[in-house]
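Colleague: Residue strings, one per chain:
2 protein chains.
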Amino acid sequence: MKVNTNFDKMVPSYLFAEIARRVSAYQAQHPDQELIRLGIGDVTLPLPAAAVEAMKKGAEDLAHKETFKGYPDYEGYAFLREAISGYYRSFGAEVSADEIFVSDGAKSDCGNIGDIFSPENRVLVTDPVYPVYVDSNLMAGREIVYAPCTRDNGFLAMPDEAQQADLIYLCSPNNPTGAAYTRAQLQAWVDYANRQGAVLLYDSAYEAFITEDLPRSIFEIPGARTCAIEFCSLSKTAGFTGTRCGYTVIPKELERDEHNLYRLWYRRQATKFNGVSWPVQCAAAAVFTPEGQRQIRENIAYYQENARLIADMLTACGVYFTGGKNSPYIWLQCPGNMDSWRFFDELLTKAQVVGTPGAGFGKNGEGYFRLTSFGSREKTAEAVERFRRMLS
Amino acid sequence: MKVNTNFDKMVPSYLFAEIARRVSAYQAQHPDQELIRLGIGDVTLPLPAAAVEAMKKGAEDLAHKETFKGYPDYEGYAFLREAISGYYRSFGAEVSADEIFVSDGAKSDCGNIGDIFSPENRVLVTDPVYPVYVDSNLMAGREIVYAPCTRDNGFLAMPDEAQQADLIYLCSPNNPTGAAYTRAQLQAWVDYANRQGAVLLYDSAYEAFITEDLPRSIFEIPGARTCAIEFCSLSKTAGFTGTRCGYTVIPKELERDEHNLYRLWYRRQATKFNGVSWPVQCAAAAVFTPEGQRQIRENIAYYQENARLIADMLTACGVYFTGGKNSPYIWLQCPGNMDSWRFFDELLTKAQVVGTPGAGFGKNGEGYFRLTSFGSREKTAEAVERFRRMLS
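Just so you know, the sequences run in chain order U and S.
Sequential numbering from 162 applies to the first sequence in this note's numbering.
Sequential numbering from 162 applies to the second sequence in this note's numbering.
Some clues are possibly wrong.
Remember, identical chains collapse to one label, so a pair may be satisfied in a single copy or spanning two.
Heads up, simulated SDA-like pairs for lysine to any residue below, C-alpha to C-alpha not over 20 Å straight-line [claimed, not checked]:
1) K170 / A186
2) K163 / A301
3) K170 / A462
4) K218 / F229
Please keep in mind that the hints were generated in silico from the structure rather than gathered at the bench.
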């Protein structure tokens, strides 16, 4: 009996535990101070009414023999996949309903997609990076190489032809940096992936925050259908972090190593997954109705205004940052060349604001800091004021 | 770029597709004949009212800022894990809430648990077998060995000390055979697993159908805490096939190869899963209330009566079978030494009843046939009458 000792290669994640420890210690010493938390990556506004109503109706369906639903389709109900396909069409990406797999979230799919690839593949991720891409591949025993994101490239790493890679993870708009690729930049990645024979694993979880003329899907880029798989989620689009629904797109023609990747993933899901809850699929479909879209746009606009408040203050104070527009995240360079944790302590003790040290997302995150726009307007405005006072 | 070519080792599953093909062909030729389907493994009665109400209340929670729920705990909410722990206690198994992981279903966990073990482990499964155990391990590149279930051992394979195994899958009451292990038999498996240093992966998805004095959990067996992981589900217990909720139990002291298995699984889930939908966890917790338990017992009793009707007819006709009590499945020897598919055709064309050929579950399933009790009372009684007429 041997366990999977690749788990030993995963660095235990102390980031959020360490934040909690420092915050608790501060609070214990300063019980009267009111903290504002701009570190969390979780939404706070309620689910859109259209989704709640659809979910309740879905629950009621299960109460009656005539409308009861048993095992769902592995790939999701057709009505939801059609709705997602229509959503893609609305911003100019052609994705057919039978290329879509509905799941319980983009994190599950990003993690599980590795099942269809060999452990011998080399994985390219950016640095800083969403830790799931790294950990799920370390767990599988894959070699990982890094594309550095720095102030020099605006935290948007570009392909290096000299670097060989089989699997390439990109997230745009990015978590944690908020930076978003242009069409030309994504075209360069698609061309590189096709030349390398690599598969581009594209995480578009934050696409709904894009306001400028930037691609919202990798499938807006010519050539993507022969190299890309896309993961998206309703978590940030529609406040589904606690409702759990995402989707993965695999073009029917995508092949590697003489295997069709859609069919491999279908077989993986049919073997190790059993579909998404009926009321959740009903709620997800409601998000894509005209009323649902109007409601989610209101929520997203609320978060975007929070992001603007933070971004405007940083601009006024002369602090370098990425994100803040096209993204709920703001990634700032710690003032005075402080390291990430030193700045965390400064912000906590001088402004009573909690954020996330960039060093927790990779080597190139050192000296940077992540704020999020998912708080309330009042708290965000107050945090911005405190931040400004601290800097001046 | 290499794909995971272990997928090539998986035999494409034609079982249900072939059933559908033969049924369609028959229906096309005999459009006036009314078929009765006793082949499906899916429930048909509506969800218990307590679960539906809790699910709707959970949906309403998401509509308001004060009660909104974001990312759930990876291992499930404490209130649900406490309820499951109490359920275990009700039939004499001690499982603490912090040994329980809530998930979207036992199939996901049965499939994904392999992530924490080495691909070099040897896997022991019974034959016939629930295909997920085989396919998920073939996919990971593991060697699979079989413990034969036959009429001689009542379709309850017992350990063979000469056979080395690292991972052992048992399902009791069994899918597809309906056979259920006694306490003494499970003790022999637990002792064997402990002697081998193996891990027993115990699927108790059908435990709620047990009526006789048989163990409902592997954790009723002394020694199980040092060798067993248990998977259970609300799919058959409470009609959750379309609602999606299951749970996995890993004793805190379970270690192998100098690793704690609870901690490995926690890390796996934290990396590649994001918890179960809030309204679904609310519905699941309602199943474990006194009212929920009363309601599910009514539904289970309905299916059990269907099973009894089938079993009584087979007994009267002198047909050998397993299951029918302690299980929603009836596994019968095809009359007249017919092979599984020949009997499928006979039953379809002479009685217009659809079942599942046992050969689809493994070599030892040849000559056997599975019926299920998940149909309506009227259809089941009618099918029993037709079956009886065909045999006489």
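Colleague: With reference to the structure, classify each hint as holding or not holding.
Modeller: Going down the list of hints, with the structure as the test:
1. K170 / A186: neither (30 Å within a copy, 55 Å between copies)
2. K163 / A301: Both, since 15 Å and 14 Å are each at most 20 Å.
3. K170 / A462: neither (41 Å within a copy, 50 Å between copies)
4. K218 / F229: Result: close both inside a copy and across copies, 12 Å intra and 19 Å inter.
Of the hints listed earlier, those the structure fails to meet are numbers 1 and 3, in rising order.
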